[in-house]
Structure formats: C-alpha cells, structure tokens
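Take the sequences, apply the hints, and build the full model.
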Amino acid sequence: MEQFIPKQSHPKNQTVIKIWKIMRLTVVFLVAIALQVSANSYSQSVTLNAAGITLKEAFIRIEKQTGYSFFINQELLEKAGPVNLALNYASIAEALEQCMKGQRLSYKIKDGIIYIKERERKPQSIRADTTVDVSGRVSDVNGGLYGVSIVVQGTTRGTITGPDGNYSISDVPADAVLVFSFIGMKTQMIRISGRSNIDVMMEEETLGLEELVVVGYGQMKKSDLTGSVSSVTADELMAYPTSQALQALQGRAAGLHVQATNGDPGSAYKIRIRGASSVNSSSDPLIVVDGFPGAFMPASEDIASIEILKDASATAIYGSRGANGVILVTTRSGEAGQTRIEFNTSYSAQNVVKKLDLLHTADFVDYINDMTPGKMDDVAYPDTDWQDKVFQQGNVQNYQLSLSGGSEQARYYISGILYDQKGVILDSRFKRYSILSSVDLEVAKNLKAGVQLLASRDLRNGTVTQEWSGGAGQTGVISATVLSEPTIPVYNEDGTYTTSKLTGLERDNPVAIAKETVIDNVSDNLQANFFGEYQIVPNLKFRSTFGAQYRSSRDGNYLPSSMFGGRSVNGRGYINSGRSTDIINENYFTFDKEINDVHDFSLMAGYSYQSFKSEFWHAQSENFISDAFSYWNLGGGSIAKAPSSSLTESTLSSFYGRVNYILSDRYLITFNARYDGSSRFARNNKWAFFPSGAIAWNIAQESFMEGVPQVSQLKLRASYGMTGNQAIEPYQSLALLGTLPSVVNNNSVVNAVAPQSDANDNLTWESTVQADVGIDLGLFDQRISLTADYYHKKTTDLLFSMPLPKYSGYSSMLKNIGAMLNEGFEFNVSTVNVEGNFTWVTDLNISRNRNEILELPDGRDIFVNVSPGHLVGINNSQILREGQPMGQFYGYVYDGVYQEGDDFLPGGGFEQVAGGEKFRDFNGKDVNGKLTGLPDGQLNADDRTIIGDPNPDFTWGLNNTFKYKGFDLNIFFQGSQGNDLYSFMLLEMELMSGYNNSTVRALDRWTPAHTDTDVPAASTSRSKKSSSRFVYDGSYIRMKNISLGYTLPESFIRGAGMSFARIYVSGQNLLTITDYPGYDPEVSWFGATSNINLGLDYGSYPNAKSVTVGAQIRF
Amino acid sequence: MRLYKLYLPAVFALLLGNCTDLEENPVGTLAPEGFFKTEKDVQTVIHGAYGKIAADDYWGRELAAAILLRSDMVDIGNRGTVPARIQINDFNCDGFNAMITRFWPASYAIVGTANTAIEGADFLEDSAGKNALIAEARFIRAFAYFNLIRLFGDIPYIEVAIKDPESVKTISKTPQAEVYNNIIADLEFAKENLPLEHPQNVRSRPSKGTAYCMLSDVYLTLGRWEEAYSNAKWIIDNAANLGYELEADYQDLFIPSKQDGMAEHVFAIEYKGNQNVWPYDYDSHPAFTGMAGADEIAGWDVTVPSLEVYTAWDSRDYRKKVALADSAHFGGVLKPYTEFSIPRPHIAKYWRFLSGTEVDSDNNYAVYRYAEVLLIAAEALNEISGPTPEALAYVDQVRERARNWAGTQTDYPEDVLPGISKDDFRELVLEERRLELSFEFKRWWDIKRRNIGDEVFAGANSLEPHVNFNSDQYLLPIPQTELDLNPNLLPQNPGY
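Chains as they are written, first to last, in our numbering: chain A, 9 to 1123; chain B, 6 to 501.
A couple of the hints might just be wrong.
Where chain B lies over chain A, by a calculated footprint (3+ residues, C-beta under 8 Å) [said to hold, decoys possible]: (1) 505-513; (2) 804-813; (3) 874-883.
Listed next, the stretches of chain A that the computed footprint assigns to chain B, with coverage defined by at least 3 CB atoms under 8 Å from CB atoms of chain B [as the list claims (entries may be wrong)]: (4) 683-697; (5) 744-757; (6) 816-827; (7) 1030-1036.
None of these hints come from the bench; they were simulated from the model.
Note that the Cβ used here is the ideal one computed from N, Cα and C, for glycine as well.
Here it is as structure tokens:
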C-alpha cells in the first residue's frame, strides 16, 4: 500500500494543475476539464468549506467531489473574484450559486458538464436587503403550465401559476432563490439576482441517463450499466395501498413476476425473477435493503427506489445467493435543509372480487335426491347463502407520517406507518405497524457514518383458507362456504352453530369456522444497520457495515369446543413460536481512477461474514376445562401432545470484487466475482466461486452517431456469468438419525430413533449460468425509450431428492443431479405520447419466460402429489418430465360422459355406466411391460398424461399516466396469458358425487332425459381422479389500479402551511377479464414459495376489489 | 496518514478473524457415528422400528387394510373411496397402486431400522443383554420380511445397514426359498436369545414364545407341518411359564383398557390414544371399519364386509356379535344396518370400546394370540397324524371360550365331533380360523397358503365374488418405480 502514499498529498490536483498550465499556453479558450467520473464517487452533493479561494480552485474541488466537468472561457476564469464557500452536502446548484455569488457569471448544466458563461445582461447592482416583485411565465415544450408551485426557498411563501402559466410574486428578497416544482417535472431552483421577470422552461422528469442506479456494493450511472437492471420508482410503489412492498412491484418490471397466491390479508406473494431456477429449493430472489442481504422488506412508503438485478453480471456479486435475481431496496433518507413533514393517508372499501353461482335449496335437494333417492326428506328447508354469511365489506386504512431534514453534518428521516386491513371474510384482519429511522452523519472531513433502524410488527387474525387437507373438523372457511348444504341455518334453535352433516362426515359451518377458530399471528422484525465510510485517499474509500436482524413470530391457535372440530377433543390449542437472528459484517474498498480522460477504472473488493440462527418451538394440548383459556393456558389442557423444538445455524463467509473499465465513454467492461464459503455445503465442497463478466457498447457516443440526433441513447449489452443457489438447508448433507415422536411401548411414549438420511459429502450449490444480451434505445431525447433483453439461464447441479430404491430403507437422497433452463425475452417501452399542458406517458413491459426441465435424475419422470389430503384418490396430480416446464398437471383426459350403449372401458375404479365419467384410453403395455403408446382397451395408470401447463406464455403490465393541469389520471393493467389453472375446489364441488353443494353446473348434469352435456350424472360411487375436467385457462387481464388525483393549487393550501397537497380516488382490481370459473385467477394453492405447486386452487381466500380515497400532504 | 496505516491492518485482522470454520455442528439431531454406546441406545433404535410398524403407512393403515381388503371377509364399503383401495380389493391393481407404493417403502424402512440396530449392537460389549437386543431386532426383521415375501414373492433381501444406497442399486431379487431361510435363521436366533417372558409383560415386544409362534406360522405357510407343529407345541407345553392363556371372554380381546399385558397376546402392535403425531401411532382401522355418521364412531365406510359374511355366519356365534355391528345410533336413534350409509353390518372389533379418537385409538392389534397357536397346532398335527384327539382338543379349547357369551354359557359352537375325516378337519380348522380370527389380518394369508382363491372368490358359496381373481393375484405387483430404478428386479410379478 506504500506506493500510494507519495500521491496522497494531492495526486489529483497535480494532474489538474498540469492541465491548467497547458491551458494557459493555449489560445483556445474553451477547455473541458473532464475529471474522472466514477461509479462510486459520482455524487450530487458537495462538501466544501473554504474562504477566499480562487474560482478555479473551487471548480477543481467541486469537480473532484461530484464528477461534473466545467466548461469555461479561460479569460472569465482569470477575471473572477475570490470565492467563499460554506457547503455541506450541498446540491450542485447550491454550490454553483455560492461560487457565482457576486460574479458576473451564469451556469448551465447539461450531460454532466457545467457550462459557465458571462451573464448576458448586466444586472443592476443589487443588495441583499432589497426586495423585488417577480413575475413571469412557466411553460414546457407545449406552452404555459398551470399549477406549477413556486416557493421562495427557505420560506413558506409561494404561489402557483395560473392557467396560462403566468405567475407573479411580490416583495421577494432580491437574492432569493425560487423553487419551481410540478409533478412529473424536474424541480428547478432559480436565483432571482434582482431580476423582475423570470421565465422558466420546465423539463419532464424522465429516467435520465445521468441518474444513479444502485447496484450491488455501489452505485452506477444508468448510462454506465452493463448488466440488466430494472428500476421501480417510489411513485409506482405508492400508487395504491399495499400490505407489503413486494405487492406493489406487480407488473412494474419486465422479468419480474409477482403473484398473489391467496387473498388472505398479509399473506405472502410469489416473486420470481426470470422464472424459477430450482425445483426443490427456494427460487425466491435475494432481497438486499441498503446493503443488507437477506433483510426484511420495508413498507412501500419508506422506499426511495427498487432495483431489480436480473442477469449474471448484476447478481454474481451476490454469488451463491444470486441465481434467483436480486431485489435491491434503497430506503428514503433525509436531505439537509428545512424540516419536511409528509403525511399520506388512504381509506379503501373492499369487497370480494366475485361470488360463485352455487345451488340454492330447491335445486340442491333435487340434486342430492338424484344422487341417492330419498336422501333428503320432502320438507321445507331454509335456504342459506353461505357466501352472504361469510363475506363482508372489508376496508384498509393506511397512514404514514414522516419527518426529514437536518443539517449538513447530520441528516435524518423518521417515518411511522400504520396499515390496518379488515378482510372481506368475517373475522380476518391484518395490521402492521412499522417505523424507520435513518441518520447520516459527516463525522469528520473524510469519515461518514450512519445508522438505520427498522422495526415492524405484523398482527394477523387469520382464518383457515387453502388448507392442506380438509374433511371433518379441518375444513377451511372457503371450502366450507362452497361445500356446505344450503339447507341448514347458521344457528340451531339453542344458539349453537349448526354443522354440515349430509356427507356423513360432520363439518363445521363456515360462519363458525370464521368466527370461532382462533388464529393469531404476531411477527416482529427489528433490523439495525450501521455503516462507516472512510475516504483513505481521494481515489480510495473503505466502507464497513455491521448489521443485525432479529425476527420473532408467534402463532397461537385455538379450536374451541363450540365447534365440531374442537368438540371431539374438547378444545385444542397450540403455540408455534420462533425467532431468528442474522448478523452481517461487510468490509470493502472502492478505488476509482481515470487515466488520460480515456481510461476510467473503478475497482471494488471486500469481505463479508454473515451468520444465521433460527430457533423454533411448539407446544400443543387438548381437552380443556374451558374455551376461555384460548391458547394461553396450554397446561390447562389435560392431554398434552408431543412438544417440539429445533435450532439451525449456518454461516456464510465471502470474498468479492468488481472491476469496471470504461474506455472513452463508449466501451464498457465489467467483471464481478464472489467466492463464497457456506457451512451448508457438504464437507468436500465448502467453497464456491462465482464469476461474471459483461461488455457494453455505447453506440450513441460514437462520433458517427453525431449526425443522428434523434437517437439519444443506443447501447448494446452482453453479459455472461455464473451464480449459485445456496439450496441446501443446514445439515442436509449429514447422515442423521431422526427421532420419532409418539412411539408407544408399554402404554407410554418412549424414545425412538431411526435412520433418517445418509451422508452426502459432495452435496453442493445449484449453479446457474446465464447469458444476457440487451439493447437500450432512446429516441427523441428519451421521449421513447426501449429496453429489450434476451436471456438464457441454465441451472445445473439441481438439488433433487433422488428417489432411491425403496428397499434400501431410504426413500430418497439429496443429490446434485438435474438441469433446468429458463429462457426468455423482456421488453420495456416507455413513451411520452403527449407533452404539454396535457401529458400522457405510457409504460409497457412484457416478459416471456420459457422454463424447461433439461435433466432429471436418471431421466425419469417425477410424480408429484400435492392435492388436498382429504381428496383421496387424486394422487400424482403433477409431473416433472424432461423437456417440459415445471408444474405440469398430470392425469386422465376427460372425454365427456358415457351415454347408453357406449363401449364402457374396463378399469379398476373407473365408471362403466351411462352418465359416468369417460376417460381416454391411449396407452397400454406390451407383453414386456413396455408402454406402447397405443390404446389397449382398458383404463389404468398408463393412460395418464400431461393435462395442463401452469406457466404463462407471457405476463405484462401496462401503465398509462395522464396529466392535465392539477389533475392526474393513472390506469394500470396487468395480466398473464396462456397459463392453466387446476382447481381442486371445483373438482370437489362438481364431481357430482358426494353430498356437498355444487356450482350451478350441477343443473346441467347428465340424466337419462338430459344427455347432451359433459357434466356427469349424480352418483355416489365415483372416485376422485386427477383429470383434465378441472383444468382451466387461467389467463387474465386485470385493471390493478385506476386512480384520479388532483393537486390542490398552492394558493389554496398556503394558508394551512402546506407546500403540497394531493387528493385522489382510486380503484384496485375493479375489472378482471378471465375465463376461469373459480373465484380468482390470481391464485396458487400453497404456491408462494414452491416451484412445483403452480396454478393450483383449493379453498383460497379470494382477492378483494377496492375503492380508495386518499391524500398526500407535505408541510 | 497514521490513521490510515493503523486502520488497514486492523481491517485485515478483522477479516482473518472472521474466516471461521464452516463445519456444521447440529444441535437437536443425532449423528450415527458414535451413537451406539449402551444397550439403551440400541433399544432406542428398536423402538424406532416399532414406531414405523405402528405408523400410518404400515399397520396403522396401508399394509393392514390391504391385507383385509384382499380377503373374502372384507370388501370395499364406499366405492367413492381411493381407487387404490378398490383396486386392491377388486384384484385389478398395478405397480402404481398407492397403497403398495406406501407400504413397500414402509416395510423396508422397518428392515433398515432393524439392520441399523443389529449393527449398532456390534459396538457393545458381548453380553446376554446385547444378544437379546440383536434377537429382538432380528425378530422385527423377520416379521417385516415374512409379510413382504407373502405379498410379493421374490424380493430384494437387505441384511445390512446401508451407508451408501447407491451400492444396492443393481442387486437382484432373492428367491423366496432363500428369504424364508433367512427369516427362519433370524427367528431361530430370536428363539435362542429372547427372554422367556415378555419384558415387563409388554406384549408389543417379543419373547421366546413369540419367536416360536412366528416360526410355527412360517412353517405352516411353507407346509412344513412337523416344524410348525413342534414350535406351536412348545408354546402350548410351556404356556403357563410363558404367560399365555385364552381370555375368558372373547369380547375382552377388543377392549383397549384390557389389552395391555393381555395373557392371550403372543405379539401385539400397540397404540395409545390421543398420542399420534402423524404418521406415527396412527390407527385408522376404527375409522376405516366404522360407518359414517354414527354416534359410536365417525367412520369412513372403507373396509366393510359383504352382506354374505354376515348372513352366512351363524348368529348363535358370540364371535359374530363381537365382530360385527348390525345396528348403530344416529342422533341418538338406534338404526339397523339397512339404514347405514353403506347398508351392511360393519366390523366392530376396533371401535366398539373405542378409547381415544377414531384415528388415534388405544387399540392393541394382536399379530399372534394364543388361540391361533392352538389352531396352528391343530392344523399342523392333522396334516402329520390326522385328526387326533389332541388336534381336536386344541380346536375345542377355542370353541369352548366362544361359548362364553359375556358370562353366560351357551352351547354354540359345539366341540368337534370325533370321527371327523382328515380333509374335513382341515376344512374345519380353516373355517375356525376364518371366524375366530375374523378381520384380524389373517384370512388372506390362509387363502393364499391353502390356495383356495378360486374357491372363495368364484365358488357358489363365495362371500365376495371377484371375477378378476386368478392365481397370479396371490402376489401383488412390485412398485413400478422400483423396477424403473433397478431393472435387475424385472420381471414384474406375472399378471401385472
């Protein structure tokens, strides 16, 4: 390191001074000083405290700090007077204002270059204590702009423009700065400098190329990116109230697939970036919040921006956790200056998106008696509409209050949020409290430090939905709603709940399930992140972070004896509780160097250590004296069930680094690598190396493009690299003896163990090799911008539970066998269709991902049975097969209904009667037991095939924003095309067998008199089979959000001390176009984390549609 | 500068200090290495094997229900039930059958656990206790294989604790004769080394007598009558010392509160109420045999005898009354079986005195009880010497107990009439087994070993006619996935 020391004095300045010397000799007056523009030091803020320095010196130092270049006439520079600067984290504009103070100079910033020139009109000599009346016109390219807010900086005084864009404001200090702001436009700050007329041209706030984008361990100019990164803005995150920020990402970025899997308030969303890259392990992306990998996601309101890292170049820096993509979250932080208070609130009224058409009493009794004549007596039954009894109008209240501000030395942001949702099903509720506080400090000249604290508490009063297994005593509220006979009332005459008894298996009625089952979840998150950043020498920076995360959760559950399910056991209560801690320490150096204006290097290298610990415990007992204990006196139950507890620990130790090289602003090269050591990996494979590289060509910067001004951006990108998935759970590679619970000997429970797994010392991570090529095209000064990517992502060493010969005593062993491909296209088009008084901006993203299983263990099909446990007989409803995407539905092909005189195909468990279900025979075995692919005249397991694909052909999001004067209108559609859904719920309802309620499809059932139908006859002896009858097209188009907002005129709100106020009314999920006959096509039974459980529906809590009113206020 | 100089080394020191070892040291789980230190450790693994026997995928449901359904005494009740069960019952299953694909792995998991215990015992010092543990584990292994071989014929035979499952991926099936020899060797070892009495009189653990009993059953199955007889005879001769006798009241055999340590139980599979953590200690038979919606039991109508089983059974037989329920309460009202959801009398042995819940009972299931020892002796002796008075006396002992109608002596069934022919006596013992051991998972084995399938499934007096039955059906198909994984196991059993 010694070699750097001599340069430590002023290496940069020496170079610069040399340049200045050369300049003196030149007769060319205009010289561009292009200092290095590096990813990590490029900053908008300037900290500079100096008195009496020359303007030249000031510029040099500003250049150094910000990376802006100055363009100035040498003569002007010489003439300029001395400068006094007191800048602490000041904006570049403020810095320049101070530099210009008293100088006859003005400036203009364009493309990272600051042009300094002589002020055109010599102003009258002004004094700071004089005041002026200022008027003028604010316009954009289409003319005068109405409703632009103009505030005298540092005061609450201001005005807004009139319909023609004209404004006037009186008695303003002659050296004051006016701040012009308008939604969707860049805020401009203009010093009056004694002028009385100031006309302002507002510019559209587009995602500029100079904008900084957060990448792993640093920031980069968007124009310097070589990888595939999508950004989601704070506005998009705040477009409608969401219980969690991940929800707000839905449809916002190409390549990012976000899906609601159950409408239960507070339930998880399924997140996939470029498809699922694993079969048995998690395919959830890594979430990094302010540099903390694996952190808890803050609420939407507290997020400044989200970057989605998609290709290997972007994610390889996260090594063994990068294969599923990375979601980088930057939370909001304070800005120096005036204290800013913001208040956001909204109220939504919610209703269930749809109700199903179920049989009412008269039809129901006919239907049941058709199944079994005389089953129901000929008496007057009530007609209970269970959907009406169970669904209610829900609501969401959302409040956020934030304070931010601070001095140049210490800035802060504090925010508190309350989200309170009453579900659309009785007694379901979700509440979240969260606070975020962040402080950034300038400790010393070269030392920055900061701390961030995030705490939240989620409270969920749940209800049973999407149950794994229904049946007596375990039915969920939705399945009970749709299956219960309408012929019973809610309550018996004695006030107790009725039960559904028709099936012979007693079942609680849905109102009882919703109201009586106690499900209380509390989960707390506490996250603290501290950083220190030391500027060792001007080019070299060291940053160290220390973070800790603590999560705890408690699920309390009580099934009271007022319910059938609880009656047989006299009340059952349990508590599941757990907590996890995650500690991280990151240390990295960043070094930036530019050589000869041409070669721009940026290097980063570091080490990180992260440890994870998770604890769990469970206790359950039954037979309580009183239901009043709920789950809070488990000792009060006389039958204690076996308790359980567990501890898992793992550590991750990593070295990582990155090299960026930019040649002449045109050719960009990035190399990333991470070397991860994980305790989860098996003995022989503890360390893994994940490299990636990318190149990009900024064609728009080439000289031959100068003649094509229409093209504002043209960049070609290509990347290739390897990432991993730390798929192995702790201890999975070890040979273990497992303990068996509840083994009875001599009438008491005894200790028992049995072999559980054999060791696999070679078990290792899943590797994904991804190639990505992309183009970024901007036309007409970015009025049209297009990003397109093609990716090819091959995952190998897939972790499979390898089926072992069962006679080995083991059923399976985890092995790295198997490969999978995800390949796809992504398009993102943003256009400014109309600009001016009326603006119209469109964003469209479309993603297509094709998933293919390339290799399975020994090439064999893997059958998956995830049907609800009580729907016995369905077995193997899904299949994994080489050459096919994941999650394929598997079963028999339904061929309609047998008619009288048909040839009934023989087969065990298959119907051979008119009105029965007819399945297709197309396969059989020859004498050698090999499948022939030809009909063999009988139905059996050989006749099963793939009957549906849950993977969409493409998904898309379309956002249109219209603005006119103070009004804004936003319409956001989101959709999925070409995916199939498999409804176990409709299977149970429409099997036409079993004494439960059905949809009105039952009215179309086969009878000897009504044979032209594909709904089979009512029958008691039809077994449940996985068949194409219950596979549906799940495509949908959904209007996720429509919102109309109005920004109140400044004149109107000034009196209340506000600087900004917007009120809006919006609607979510108001319109859904789909052919799916279930409640909601946005569903996946137990699919939130699974890669295989795709597109399944059973007992799901329907999503809600809502109407929202809200306000955003800023003081 | 100074700061800079000091800081960097400090940082690197921090980095190096952080490079912790990445070994895993799990708490709360057990590693097999170094586990076996005392007899108790081996016993814990043997308990693991019992746990797997009493589990849902073995005796708790799949295996036991399949044995019932296969016979002519138990039919499918509700035909809307799982197709796999219907296929087992109707003799049209294939290698994908979901019952088979559960109890085949379960069987081998029991074998694997027993093998682990046997090898674990090798770490112990030699002692009588050690040999008794090995004997117990070998008994369990023999039990699992005896069921497997009768269900599947030639099977892969595993007798070591497998460290690398890949190592057995290409083995071939072991012929039945060889498997039987191994079973006999295990049971001979068990005979030598098990204690004379059940440990603490716990009938769910084997004693010397249990080993003799199973051995006599193995020989009976093989038609090795001399050995079947001698092993059974040894138990009968030593019954008092071994602690075996017939219960006075046939009903008591099925009252959970009386089953622990029950003198008639030679070997039992034990359950305890309100204890199950699925799939362990899971007993589905009360629900499987019960009728839906009854006050007595929330049954599932799965394993339900045909009506002929009921009508052909002499109503004077107390055992019929104990075994079957021909009426039940619904909403407090007693209704005849004609009003059951499946209008046939249902098996009542496992729920009439239910303790615990439907799937979480306190039943103990007799694998062998003393009455069967007597019947084995009678059957074997008849084959050796004809219907001798000794042979008749064994059957009469069983009948005598049956005449005790809950304390009231009746005259049915009468003693066997002397002078009966050898063939008739053979027939009579078989019938006696059918009724005495009704629904106790025995009948299918009898049909198979006596090769009377054609008769009982197609004959004029068949209780449960099945057109699909043929002699191939004496064996089940080996799970297709096993054949796919290891083609050396081909061919599949004939007929599948």
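> With a cut-off of 8 Å between beta carbons, are at least three residues of the region 744-757 of chain A near chain B?
Replying inline: holds (count 14)
> Taking a Cβ-Cβ distance under 8 Å as contact, does the region 505-513 of chain A have three or more residues in contact with chain B?
Replying inline: Per the Cβ count (4), the hint holds.
> Count the residues of the region 874-883 of chain A with a beta-carbon closer than 8 Å to any beta-carbon of chain B: does the count reach three?
Replying inline: holds (count 3)
> If you look at each residue in the region 683-697 of chain A, do at least three have a Cβ nearer than 8 Å to any Cβ of chain B?
Replying inline: It holds, with 6 qualifying residues against the three required.
> Count the residues of the region 816-827 of chain A with a beta-carbon closer than 8 Å to any beta-carbon of chain B: does the count reach three?
Replying inline: Satisfied; 5 residues make the cut.
>> How does the region 1030-1036 of chain A fare against chain B when you require at least three residues with a CB closer than 8 Å, holds or violated?
In response: holds (count 4)
>> Under 8 Å between beta-carbons, do enough residues of the region 804-813 of chain A, three at least, approach chain B for the coverage claim to hold?
In response: Our answer is that it holds, as 3 residues pass the Cβ test (under 8 Å) against chain B, meeting three.
When each numbered hint is compared with the structure, no violation occurs for any of them.
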